[in-house]
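Participant: Assemble the whole structure, with the sequences as input and the hints as a guide.
Residues in the sequence shown are numbered consecutively from 690, following my numbering.
Hints are supplied without guarantee of correctness; some may be wrong.
To be verified - Restricting the straight-line Cα-Cα distance to at most 30 Å, the calculated cross-link-like pairs of lysine-lysine (DSS-like) are:
hint, residue 1, residue 2
1, LYS765, LYS799
2, LYS799, LYS715
3, LYS765, LYS833
4, LYS836, LYS765
Unchecked claim - Quick list of the computed label-pair ranges, beta carbon to beta carbon:
hint, residue 1, residue 2, range
5, PRO718, LYS836, 40 to 50 Å
6, LYS834, PRO714, 31 to 41 Å
7, ILE709, LEU798, 14 to 24 Å
8, PHE824, LEU790, 16 to 26 Å
9, LEU793, PHE759, 27 to 37 Å
10, ALA835, ILE693, 41 to 51 Å
11, TYR711, ILE762, 19 to 29 Å
12, LYS834, VAL697, 39 to 49 Å
13, ARG828, PHE694, 17 to 27 Å
14, ILE783, PHE710, 20 to 30 Å
Note that these hints are calculated values from the structure, not bench results.
Every residue, glycine too, gets a C-beta built ideally from N, C-alpha and C.
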Amino acid sequence: MQIIFNFVIAFLSTIAFGIIFYVPPKVLPFAALTGACGYISYYIISSALGGSDILACAAGGVIIAFMAEFFAIIQKNPVTAYEMPAVMPLVPGIGLYRTMLSFLDGNSLKAMNNLFQTVLCAGSIAIGLILTEAFTQFRRQRHKKAK
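Facilitator: So, in structure tokens, the structure goes:
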């Protein structure tokens with residue numbers, strides 16, 4: 690039941706961010722599906738399977754990038770129209786909040802630990818997106834050379 694709830698919340702939050710980013714209405718449901726699937730992959734890896742948040746963020750980024758690439762090809766739209774709102778549920782905002790709270794409490798060691806974890810998670814999302822993009826570009830070039 691928790692997975693369904695998280696899926697719906699991630700779907701709706703991606704729609705909200707899509708509206709903020711002026712994503713075209715015909716792209717919005719596919720971007721929301723992409724964001725929800727990316728977040729669910731993060732959720733499953735981080736909590737249900739007991740994996741690290743960093744690995745879970747990278748996996749969510751990879752799922753988002755592959756789905757965005759797929760929908761972009763099918764609908765002939767830019768990949769960023771799908772990726773930008775879809776990545777928002779993965780952004781580690783709570784980590785930044787905890788970092789600032791620790792700094793305000795005077796606990797610099799805890800704040801630095803939170804900051805390090807947050808930066809690693811955000812970096813792993815970016816690495817997941819970049820590696821997937823590089824893979825699809827390499828595959829496209831290889832396919833063109835074969836023709």
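Participant: None of the hints should be skipped; say for each whether it holds.
Facilitator: Results of checking the hints against the structure:
| no. | hint | result |
| --- | --- | --- |
| 1 | LYS765 <-> LYS799 | violated (46 Å) |
| 2 | LYS799 <-> LYS715 | violated (44 Å) |
| 3 | LYS765 <-> LYS833 | holds (18 Å) |
| 4 | LYS836 <-> LYS765 | holds (21 Å) |
| 5 | PRO718 <-> LYS836: 40 to 50 Å | violated (33 Å) |
| 6 | LYS834 <-> PRO714: 31 to 41 Å | holds (38 Å) |
| 7 | ILE709 <-> LEU798: 14 to 24 Å | violated (36 Å) |
| 8 | PHE824 <-> LEU790: 16 to 26 Å | violated (38 Å) |
| 9 | LEU793 <-> PHE759: 27 to 37 Å | violated (43 Å) |
| 10 | ALA835 <-> ILE693: 41 to 51 Å | holds (42 Å) |
| 11 | TYR711 <-> ILE762: 19 to 29 Å | holds (22 Å) |
| 12 | LYS834 <-> VAL697: 39 to 49 Å | holds (44 Å) |
| 13 | ARG828 <-> PHE694: 17 to 27 Å | violated (36 Å) |
| 14 | ILE783 <-> PHE710: 20 to 30 Å | holds (21 Å) |
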